[in-house]
Amino acid sequence: MTKHLLSMLLLAGSTTAFAQPTPFTTCPDINIAIIRDGNNAAETNPIYLHKVNTVTGVSTGFTGPVLNPADGSNLQINAVGLHPNQGLLYGMQPASSGNPLNALTPRPLFRVGENGQALAVGLVGLPPLQAGETVAVVNTAAGEVDVPGNYYFTAASGSLNIFTVSGNISTLWLGKIAGTAALPAGTAALSPNYIKIVSGDANSATFYNSLLGTINSGNIQTKLNAGLRDFVFNAIDGNLYTYVTFPANPALPNGAFNGQLLKLNPNTGVLTAVVAPAVLPAASASRP
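According to our numbering, the stretch in the sequence shown is residues 176 to 463, in order.
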C-alpha cells in the first residue's frame, strides 16, 4: 500500500491519543511525519507519528495509532503544527469526504503528544461572512504554530448552493488562535482572530488568481478545502512560508505547472512572492 504523508513537521513536535499528551523531550530539535496507509479516501485507517532523520530520510521510530479520546476510533488529523516551546502537536480533524458539508461546521482542535495521546481542546470557529456571502469553511489542509504559541490555519468564505452544489469562494482568510499551550481540555468554542489574505505583488497575484479560479471551477470538495495547502513559520522574519504549484496557463489546466515559493505576513495577511513562478517540467494536473 502507498503511504499518504499528511504533514511533514519540522522544528518541534509531540503527539498523544488517550491519557495526557507528553511532550517531545528533544523539541525543537526533532522532525515528525504524520503518516496514514492508503490515499485521501482511506479516512478510517490509523495514523502514526514517525520521527524522521532529515539527512538520511530514515524513520527512526513511530508512535500510534493516534485515537480519538471521545470514542477510541482512529483519529484523523491534519493542519498540524508543532509548538516549539511546549513540545506538542496541534491539528484539526477534517470533515469526511463522504459528508463534505460537515466542513461548514466548526472543526475540532486536538493536542497530540509523543506518546500518541490526543486531547480535544476546542472547536475552531468559522470566519466572518462578507457582503453577499452565505457560507464559510475552515480549511484543514495547512496549520502551523509559531514561537509564542499561536496556531495558524487558513479558511475561506463565499456563496454555496447546497441543492445545486454550486457556488463561489470569494475571500481567503488566515486564522490565528493565541495561547494554545493554555487551552483546557474540552470542546469549548474557540474564536480565532481572522485577517483576509490578499496578494501583495504581481508574482503572488498570478498564484492567487489561479487559486480562486481552481477553487471555483472545482467540485464541492475542492471548494470546501480552499486555501494554501502547507506552510512553515520562519522565526527570523516572522513570516509563514509556503511552496505552491498551479497551472502555468489557466486556459490549459491539464498542461504544465508552475512552482513558486511565497511568504505570508501573519500580521497583515499580505501574500508576496519570494521568487517568480517557474515552470516545472515534470509536473502536471496528475502530478502537481
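Be aware that a few hints might be false.
Unchecked claim - Calculated lysine-lysine pairs in the DSSO-like style (CA-CA distance at most 27 Å, straight line):
(1) LYS438 to LYS351
(2) LYS438 to LYS371
(3) LYS371 to LYS351
Simulated from the structure, these hints should not be mistaken for lab results.
Taking the hints in turn, this is what the structure says about them:
This hinted pair checks out: LYS438 and LYS351 have alpha carbons roughly 16 Å apart, not beyond 27 Å. A hinted pair counts as satisfied when its Cα atoms are at most 27 Å apart, and LYS438 with LYS371 qualifies at roughly 15 Å. Restraint check for LYS371 and LYS351: the C-alpha separation of about 12 Å stays at or below 27 Å, so the hint holds.
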